[in-house]
Amino acid sequence: AQSVSQHNHHVILSEAASLELGCNYSYGGTVNLFWYVQYPGQHLQLLLKYFSGDPLVKGIKGFEAEFIKSKFSFNLRKPSVQWSDTAEYFCAVNSDNAGNMLTFGGGTRLMVKP
Amino acid sequence: DAGVIQSPRHEVTEMGQEVTLRCKPISGHDYLFWYRQTMMRGLELLIYFNNNVPIDDSGMPEDRFSAKMPNASFSTLKIQPSEPRDSAVYFCASSSRLAGGSDTQYFGPGTRLTVL
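Keeping their order, the protein sequence lines are chains A and B. Residue numbering for the first sequence follows this note's numbering, beginning at 1 and increasing consecutively. Residue numbering for the second sequence follows this note's numbering, beginning at 115 and increasing consecutively.
Bear in mind the hints are in silico, worked out from the structure with no lab data behind them. Heads up, some of the hints might be wrong.
Stated by the list, open to error - Facing chain B, a subset of chain A residues (Cβ under 8 Å, in silico): (1) F34; (2) H43; (3) L44; (4) L46; (5) F90; (6) N100; (7) M101; (8) F104; (9) G106; (10) G107.
Since the model is a prediction, treat every value here as computed from it, not as a measurement. Virtual Cβ for every residue (Gly too), placed ideally from N, Cα, C.
Work the whole structure out from these sequences, hints included.
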């Protein structure tokens, strides 16, 4: 069975700081990888996704993520965060043996101080 | 497209009452998922359907929970009888399976359920 680990449960940054949120998964086969964001009181929205090709994926709002197959990682990055990035971020994985099911990590709550 | 539609957005009920949550997936999507989100347990997959057929219901907590998908445009999640520990936000999501890969799941706005 696949699993997803997000190491940081809570992150607090000041505006303009750089962000990197870790995500590791445990499955050796073909995977599709996602980052979702949930703003306070709202539903999950897709930030970016990786299916194949360039392992550096660019998403909305200046976010990017890099798929490193050898490390089973898909870390999310943003060079300069804004107060409006305060939200919870979820990494998710779909593998070639899991049908269309996503396995979500536990989420990372990001607070950006103005 | 209007996206995934859920109703009601908020539900407050008393313990022992029946609760029915509704979901309309994005037109053309053949997968539908029900999730529950709580502070303690995070985001949990309860059940998912493919072409209206339940594929995996191993996440359904107990027999008090049931889900149906009578057609491609409608699904319900029912809790009978409800208990205070069922209080959570329930999300519905839909997706379509592209040839050779997996498409993105699109989430609805959620139903915030409070059981008193």
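So, going through the hints one by one against the coordinates:
no. : hint : result
1   : F34  : 7 Å, holds
2   : H43  : 5 Å, holds
3   : L44  : 4 Å, holds
4   : L46  : 5 Å, holds
5   : F90  : 7 Å, holds
6   : N100 : 5 Å, holds
7   : M101 : 6 Å, holds
8   : F104 : 5 Å, holds
9   : G106 : 5 Å, holds
10  : G107 : 6 Å, holds
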